[in-house]
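Using the working numbering, you'd call the opening residue of the sequence shown number 23 and step up by one each time.
Since the hints were made in silico from the structure, they are not lab data.
Some hints here could point you the wrong way.
When the alpha-carbon atoms are kept at most 30 Å apart in a straight line, the in silico DSSO-like pairs for lysine-lysine are as follows [unchecked claim]: (1) K30 / K204; (2) K28 / K223; (3) K140 / K108; (4) K140 / K209; (5) K30 / K223; (6) K209 / K223; (7) K204 / K108; (8) K28 / K108; (9) K209 / K28; (10) K140 / K204; (11) K209 / K226.
Treat the numbers as computed from the prediction; the structure is a model and nothing was measured.
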Amino acid sequence: MSVEDKQKIERSARFSVAPMMEWTDRHCRYFHRLMSSQTLLYTEMVTAPALVRGGATHLLDFSPEEQPVALQLGGSNPAELATAAKMGADHGYDEINLNCGCPSDRVQSGAFGAVLMKTPDLVADCVAQMQAAVGSQAEVTVKCRIGVDDQEPHEVLPEFLARVSATGVHRFTIHARKAWLKGLSPKENRDVPPLDYELVKEMKGLFPHLHLSINGGVTSLDMAEDLLEAGLDGVMIGRSAYHQPWDILAEADARIYGMDRDAIAPRQIVEQMVPYIEAHIADGGRLHQVARHMLGLFAGRPGARYWRRRLSSEGTAKDASASLLLDILNDMNVDATV
């Protein structure tokens, strides 16, 4: 990884779309990339055992057009994570991110995700071995919570950041909520625990040398800009970027990165997706595998409900083709500026 590549991905980390299981697959990332050339995109979490023991290397596949894109790994075995990180770096990822924030039962049963907030020494060992394995090929980063269960975030988070950053990790994304490992579902853990943006801002004061991004509850570019102006290095948006992709991403290049770039119209995005979908279907794929990520494209705009309804009902047919998208557009009477 060249100095130029490292600077580029760190600049991109000013704004990112969160890794989301079942959502941020390669098709979703290709779609999102049409709206923003700069935003840092993440894979779904890929478990180290799946790669190392399961041989599921297809989970690493991505298109060059998706760059900058980061691989998120889940795991707690340092040697296994090191091997998985090396596989990711060899596959072309410039960033390998360790998940220390997911609270799902499945992740907990594997002793990784948010439960790792309880063992910063183990996290430090994991990322140290990951960094040794990838060398200069990729940057190792961490996504974490402010704490879990009965932990006191004001005590736990600075200790976690100090211990893990001592290994050389420079970039952290902090979900500004606790995770309750028992008693709350993963969905509830995204909404119920209160947000503590001020604590994350305090961490930037305590660790000015670290690149700290904030995650959790951010629903608009306006909010993202406010958090950046408050001194944070980056903002990560999750569900809003998926459900309202145009609202979040289409103006990101101009507003977040200062680029002289007009927002691409939703209709143009659909038209540019057609060749990609045709190639996917020619390779044995189905329309729905790609189009399901496009349901929110017209959110808040005329025809949004019609678009969702027809794409949901007709797009799942076995013989559905990319031309369905253009047919729906024509029936919606959407012009090139919408």
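Cross-check of the supplied hints:
1. K30 / K204: 39 Å, violated
2. K28 / K223: 24 Å, holds
3. K140 / K108: Holds, at roughly 26 Å.
4. K140 / K209: 21 Å, holds
5. K30 / K223: 24 Å, holds
6. K209 / K223: 25 Å, holds
7. K204 / K108: Not OK: K204 and K108 at ~33 Å, beyond 30 Å, violated.
8. K28 / K108: With Cα atoms ~17 Å apart, K28 and K108 stay inside 30 Å; holds.
9. K209 / K28: 34 Å, violated
10. K140 / K204: Roughly 14 Å separates the two Cα atoms, so the pair holds.
11. K209 / K226: Within the cut-off at roughly 28 Å; holds.
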